[in-house]
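Line by line, the protein sequences are chains B and C. Numbering follows the numbering used here, in which position 479 of the first sequence is assigned residue number 479; successive positions increment by one, without gaps. Numbering follows the numbering used here, in which position 101 of the second sequence is assigned residue number 101; successive positions increment by one, without gaps.
Heads up, some of the hints might be wrong.
Here are the in silico distance ranges between beta carbons for each label pair [said to hold, decoys possible]: (1) Lys492(C) / Pro414(B): 25 to 35 Å; (2) Asn606(B) / Asp505(C): 16 to 26 Å; (3) Asn606(B) / Leu480(C): 45 to 55 Å; (4) Val221(B) / Leu99(C): 19 to 29 Å; (5) Arg287(B) / Leu22(C): 32 to 42 Å; (6) Gly103(C) / Lys231(B): 37 to 47 Å; (7) Arg287(B) / Gly103(C): 23 to 33 Å.
Derived by calculation from the structure, the hints in this document are not laboratory data. From a predicted model like this one, the values you see are computed outputs, not experimental measurements. Backbone N, C-alpha and C define an ideal beta-carbon position, used for all residues, glycine too.
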Amino acid sequence: MQAQMGKPQAQRGQKAGGGSGGLGRAIAYLGAQRKSAILAYVALALATLAQLAVPQLVQNMIDAVTSGSIARIIFKQVPEPMQAAAAQQAGTTIEQLRLDQTNAESLLINAALIIVAFAFMRGIFSFVQAYMAEKTSQGVAFDLRNQIFARVQRLSFSYYDQNQTGQLMIRATDDVEKVRTFIAQGLILTAQALLLLVGALVILFFTNWKLSLVVVPLLPVAMVMFMIFGKVSQPLFGVVQRKLSALNTILQENLAGIKVVKAFTREPYESQRFDLAATDLMAQQLRISKVFSFLFPVIFLVAQLGQAGILYFGGRQILGGTLDLGEYQKFSLYLVYVFFPLGQLGFIISLMAQAGASASRIFEILDAKSEITDKPDAQELPAIQGKVEFRNVTFRYFGSSDPVLRDVSFEAKPGQTIALLGATGSGKSTIINLLPRFYDVSEGAVLIDGHDLRDVKLDSLRSQIGIVLQETNLFSGSIRDNIAFGRPEATFEEVEAAAKAASAHDFIMTFPQGYDTSVGERGATLSGGQKQRIAIARALLLNPRLLILDDSTSSVDLMTEYRIQKALDQLMQGRTSVVIAQRISTVLNADQILVLEKGQVVARGNHEELMESSAIYAEIYNSQLVGDADIAALESSSVEEA
Amino acid sequence: MMGGLGGPRHLLEAEAQKPQRLGATLARFGFYFRKKWFGFAFAILLIVIGTWGQVVTPDLIGQSIDCYLLPNPSACWFDTINSEISNADRLSGLGSLVLLLCGLFIGTSILQGLAFYAMNWSGQHALRQMREDLFAQIHRLSLGFYSRNEAGNIMSRITSDTDTIQQMLGFALLNVLGGILLIGWVAIKMLQENVPYALLSLSVVPFMAIATFYFSSQARKAFRKTRQQMGSVNAGLQESIAGAREVQAFNREEESIAQFVRTNAANRDANVRAATFTSALNPVLEALGYVAIAIVVVVGGLSVLRDQPLFGSTAISLGLVFAFLQYVQRFNQPIQQIAVMWTNVQNAIAGGERIFNLLDEVPDVTDKPDAREMPAIVGKVELVDAKAEYKKGEPVLRGVSFTAEPGQTIAIVGPTGAGKTTIINLLPRFYDVTGGAVKIDGIDVRDVTAASLRRQIGIVLQDSFLFSDTVINNIRYGRLDASDEEVIAAAKLASAHDFIERLSDGYQTVLGERGGGLSQGQRQLIAIARAALANPRILILDEATSSVDTRTERLIQQAFDSLLQGRTSFVIAHRLSTIRNADLVLMLKDGAVIERGTHTELLAQRGAYYDLYMSQFRREEEVAA
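Just chain C, with the same shape it has in the complex (with noise of 0.2 Å):
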């Protein structure tokens, strides 16, 4: 499994903004309304009777004055009036045609309301199911896609890709759905009039889609190059805070500050230049919705006084180029705002596409089907004939046999790269081995589920990664359930107690972004704190005590001694206490062991370790003695 390591780098770089699989991809949409389906198709019904709405208020403005401002009986359907209707009537007609208006207004308004809130509530729903879901994939993801990937690219896309979507949601779909109603409504009451006149009046639509999709690709293509240079600008923005006590030290604010500005103003030409597409868009729609209303008159109106019809249709009457006039000026609207959403409406899908991908990238290291519960570990540990590549063709273990019986101690020594922490990442199977296997208690890793394995593994970890969290929580973050009192006793086993005790706040001082606030040494001893919460049966220490002053160090040892009691333990080991306490020692070369035994064994064998002692260790216990 781990061959799958060298898959497609590029997954999360794919820069495609056109949307690759569109039906797919909505489907998949659809998919996460599906538990609020019925706020979306809430919103959808009040659209359609909102566009309704919007379509009868024209004709019931035009019945004011076919039935009281110049009363026409054969064009009047609001009321049934005579051609001698009084002004008292009139008035009190156009009153109550008035009031009708108002109530049709004031339903329609709370129509609308509805449904945007309805599709906003749907919606961001949908939008937070998406989140959730990306984070939990975050957690399946294995090791290895984090090695392939950068966190900052998994990041932005998770964060832009989702705002891409939230822009669209609520006003963009409800106005994109509207519309295109509406234009479907509009085209057909065209049709149904007189086809001829309105197949040439609507003869400019096929310019505008033209125009539209030209300048949406070219949009598209010239934002790939902003958000290209975008990322540029988050990264020169990312490393100046990360790296801000750097750049104080080394007075190099002038230089970056110059730096930054060229990558800036990169950015900002780029989004330039994508700006003549985007902005030369409306103007255009607008100019063919001129030529439109144009056709319509000149059309209409030579035929009319021409007296002759349009390819033998009925004849055009003034009153049809009036209502052909009104029709072109209604469509008009909403095919610019459709093309001013397009743009957002394919981000949208593409941002989706991106989303879907990660969703669907699929874990290097799952748990089988039918995997169970790792039981309650003894301790006996066997790596049999284990082979590991990160990449293929470039093995980091090339067939490790070891066994660890419960309780040993286990010392891994060799230079950088030699497979030392391949060997220990195998263990919670945060990797899969490529050949042999991982046993503990005889029973192989991948045969039961991730987290009742790793629930029963310590780790202390080389950078002791902490929260911004309080104190205590950092160090319950071993075991959640633990009281106030195992959290404390923990600390104290840790050696962490008394420097916890000195903190501003004790136990309940919030540390800063990854620990800030405290020294490596202090948050090494929260990490083995945390790890001693945890009470695990097997324990992993990897080069935990490279990194502090002696007598921090000192206090670590402890602690680590008093945490190795009648655990199995495997530690990435750097000091010669460690190394010769170890019930075994394995020295390892290029991804093999090359050397095995207790520490006076090796020596007596006088080989590479013997080598290691004699050039490093020697003088160490020299001085010791």
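Here chain B stands alone, though its shape is the one from the complex (with noise of 0.2 Å):
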């Protein structure tokens, strides 16, 4: 199972390149989040802005005692005459220190009360920024998810048949939460740790251009780096998330089939599988670990090297003489500005690389192609009226070589009943699946009223069919939303009267909600015969004029077999119908039965010409059909249902 999952998975990783140009087009989902996109960087550029003034804001507080302080010393501890000279060695004057001591106390308040507001001012942009930042963030995230619920839902049948659910789960969830982390904080954090940079680059720069020359070389280095890094990573994180999903299907499987793997005991062998995936995974986290025990230091060491040598260098310059101490001094606080950032990308580059490989995970759903899909010259279907035809059809599942319709033909009238009869696997499910397009034939055509199916519109087409298909699944919500499943707007008489026909109403009304009971993950529990029920009442909602009907009924009791078999009876009633057929008084009624083997029509006709001419009928028909009881025939019944 995992050799099946990986496989395809790895075809397409290789296709989508790396995927940095998943999270280039996850970026590009930013457009539609213009407005709190833009808010949350002009308000981070201010807040950045603000955070270079820093350094200068804390100097002059730095500054106003300092002075003030020099001013003391000198009055308090150089005699009187002196104080002139001494000023003068400390670089000011007489007269300066006097207006230096006086407004000291004030010039300091001041600056203190300057860097209080300033404060108060970033963390507003600070938090405009992170607010809007996380609001452009769930903005994209709740386009990717809608996007991928839609595309979802048109996807065709032979996707699902290779993709499995917990996998898909895995993409639509924790797939974008990636990206969605990424563009909330990782892109931000670029943008702050660029804008940081190159604002305190230009300050060095112009502070002391040469001892900026130190700097400088170190950042293609980083730059490099970070490449590299990403190059690397990118793809173990892509491999974490496909063992994830890995893990995830081996726990969904034992969750639903718990009662088999407890049946056979094969627990041991179950967490046998569970302890590999586990192992597998933990050993992929462990590499990209490895990856990034070795990044992140270096980039801190480029960073604190970086340091060292602006303090050798520097010292230097001001042992020769071409560099002050304060300079130097104001040198080294920004220099805080350069490496921080640096710090700061190595840690981007894991959300970067993370959500890259999520966005390529991402991309592959929006861009799978759903092999059914109407034609850019599609018409609408007219109204149907009832006549269908295959013509030659050949039909092979996706990756197969052997057909498993092989040149079928056959006409229905309107009103007919066809009735499909045939050995599992024969290609009775095929044929019903291949009226509503729910697959493509691989040759001939199957044609409705003379139209091809594939030159009308797809709702056009499914809107006029009803189907009821052998596993019924029911949707959250009440038995009135379900049965009103393929007409909303039902009025609630209409939905009664489609229960009614369906012989659902009845066990409907125990329920103490009635119709409003909510059925799904959440609800009342149904059997087995009550959601086929409810599934013939939303067919019959729709009044199709084409009916689909896999008429098998899963595990029910008998008396429920019948009240189908009445329920499915009614349904046919003027109604071109194709069914898989399972009981006697399906083929007893049927206008042409057509009798399938290994994908062929090997008989057809009504019954007494398939009794005369067919001796596979012959022989279907008296090893089993008779064994069935003909329970419509059957007009007394007494046993109740629990």
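Mind assembling these two chains? They're in different frames, but the hints should get you there.
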């Protein structure tokens, strides 16, 4: 199973080409969130510029204290006549010192007030930036999820034959969240880091361009390192997501099939399988840890070595007299703003690599081509009269060379019932899957009222076909919602009438909340037979001209089966019906019976004709069909359902 | 024990994000680290050393000024200098200082890298252990648990809760631990220098703590809503994926999309609301950090300018103001980091709590401490006044007794809800009786290990669950050590061989999810082959003949007939032929056996079975005759 999952993904992963393109596409979703995105980035720019002013503001406070304290020391400790000389030595005049001393306290307090006011302002900008970035990213995630959902709704059946629910779920949830985190934090941090870096470099350059030349060579080194790490780690993160999906698939299977696992006492075997997957996942996580336990320290090291370099070369300049200490100190304050963003970028790389891997997984779904789409010039299918024709239809499932249908042809006139008979795997289900164009034929054509299905709009086709599938899926919502699934605007009377016709009304009324009883994951548990009758009511409500039925009933008792049979008979009245026949009544009433074997029609005709002409049919009839009670003929029914 | 079924349904739904039993939970986390404790300890040691390096660095940089740039012998401890040191000596001294710094940087970088890896290493091992324990617990929990809790819910707990822990491991934990060390060190240093000045400078810390607690508790409340909304989004997605065929068949794409967009929008809005609090925390802390800087400079500066010591302590020098300024600045960063990580850490602890809750759930069905292996089963099965209830006060079996001799076939008939499935769930001990006993060969099933019992019982369930694996592996599931030949023989016995051969890759064909790609009938044939391969002494068939076409059904019937040979079998029967061949027919109604006997005997009784037969089977028999 893992091999099966792994293979197609690996191929797709390669096609996506590393996936940085995926991240670019994800970032393009910001366009739809223009307002909040622009606000976020403007606030970011303001907050960052404000941050660049911090050292200067702190310096102002320090200067106020320093000059005041120098003045105080000179006035206090130096004898009066020498004060002027001392002032001169300290680079100032005696008048200036007097001024400093009197103003020192108010200067200090003013500088402190400015820094507090400024902190307040910066706080507001930072808040706006963080909030708007979050809002933007939620908007992007919202759009992505909607698109995934819409895509998932429209993907053709063959896509579902090849992909597992657990896998698709991880992409729609976990992967979207990883992309969102990057857009909320990573992208903003990148902008902030770059802004800070450039701003600080400019300031450094104006402070002392010679000294800043020590820093400059480190930047390309750091950038190249980031790029290498990004390239190395992104595929690793892609693998993590894949291993996580594999682990979840085992988990999901074990939860769904817990009874089988227990019945066969396969707990040790399943645990072994799970442990293997968990160890695999761990190994991959550790592989990533290895990369990052190298990356993070190296980035900090680059920054620290830069700092050491500045210390040495700055010191040399000071000793050589080309730089004064104050200037040097200001320089080192701003140096922090060069190296801090570098460290930040290292962290961003991990976010980016993760998000890049996730983004390409998301776009794999969004780019998945549904094989079944409307032609550009597709016409609306006019109201169906009910003529159905299979013309030399051959069908193969994706990736399979053996056709499941070979050259099947038949014609149903409006109002006729076609019964399909044959062994499991003979192609009956395929025939009924072709009618609503769940799949396209490989060769030949399927026509309704003379229209090739591939030439009409899907909506107009499917809205006129009623389908009762073998396995009934109900959706969370009330019973009424489920019956009105195909026609949400139906009135309650119509819903009730459909339920009555499907023999569902009585059991629905046994629920305390009747039609408002909720079903689905959190709702009432319905038996297989009850679900099926709701499915029949659902199809009946559409009042379709063409009906497709897989009338096999699963896990129901005999009484229920009888009721379902009655409901189905009612349903088929006056409509063209294509039915997978399980019951003798269906066969006896059919206008045409197709006996299928290995994808081919081996006999056709009505019951009487086939009894005479077809040995296979006669055999099936004698050995099995008569073995089934024709329960429709039983009018008396006394056994009550629980 | 089934009385426990009515237990806390809300167990896994408990949304309490706030850790309830912090100490106990942390202790259990510690328990998971125990095997790889040296990795964890190593990481901690490295963090301590690394933090020391971080602490020493500014002092060393300061020495460059005190020793070489503005030589001040009294403040210089790095080197022995005098105030007349030459420029050349200064430069070479500076050079050796810078070299030492470089060595320190390289050393701490290596330590950081090692710490990061060591932390991840022991963390990932702990996480794997947690996952494996959870998985094992899933197997231990009895079916009663699964009827009370949704699989999706359990699933998301396991995946998302381990994920929050995963996020906390490594980087976050290292940062928090390193940050706490740094803060502690800075606070001690400040207090050593000047207590009142230190206390004034640190006066913003309580406000920082209050802000952190306030915003994170508000965020937690808001996040609780987002989790609910996220649940709806996931449910919507899950449904749309599982029901995609139906949605397309009924042309409901537009409506479902519109509905999903609404759920999705509610989720987005809840998240944006939560963002108000998370976005506010950092700016508030940062602003408070600037206030701290202002306090340090103003308080210290005024003290210097007025030459007044603070509250009678030692005088504050200009140098001390500078030093405090540096301390406060180094203080701010880890505080902000910890505050940001705080939510993560809390989430992880709460996630751990939910994981431990699941691990602590006591299975309804457990082996007794002195349970022995079930000896090779001969095949006598007895139910002695067996009672069962899924919910307290709602009995589904009200005292059922019967005996099946070895090799007999017991057919169970009756309307839906009569208790047929419950009876067959009792035999492999999926549930325990709430009264009476189930005995096999005279041994109470509660006295033997569940594994040794189940190994000897074969079951074909109504829903024929298959795994997304190859056909051959699905059949081999019945007996893992079976050879290919044995698997094929079982498939032949189950009449599955022919259709399997026709699949694209034969026995090696990989099935889709839950056996996707096969028809229900085919899935059932594989399930029968699986049971046949297990070659059990006792066989249970649950409504297994009802969902296939007539031709396949004949195949299945044949398969059953050969499977039933010589085994004690219990069949929830649908078909008259099964019932007629049965040695004993049990007619169930409302959890009690109302009639028993062979088909002929029951007909002669002219009771409920006779009515059932008259209404449903008679015609079948007439046609057959």
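Hint by hint, here is what the structure shows:
1. Lys492(C) / Pro414(B): 25 to 35 Å: 46 Å, violated
2. Asn606(B) / Asp505(C): 16 to 26 Å: 39 Å, violated
3. Asn606(B) / Leu480(C): 45 to 55 Å: Holds: the Cβ-Cβ distance is about 51 Å, inside 45 to 55 Å.
4. Val221(B) / Leu99(C): 19 to 29 Å: Since the Cβ atoms of Val221(B) and Leu99(C) sit about 20 Å apart, the hinted range of 19 to 29 Å holds.
5. Arg287(B) / Leu22(C): 32 to 42 Å: 33 Å, holds
6. Gly103(C) / Lys231(B): 37 to 47 Å: For Lys231(B) against Gly103(C), whose Cβ atoms are near 31 Å apart, the range 37 to 47 Å is violated.
7. Arg287(B) / Gly103(C): 23 to 33 Å: Check passed, 30 Å falls within 23 to 33 Å.
Hint check: violations occur at hints 1, 2, 6; the rest are consistent with the structure.
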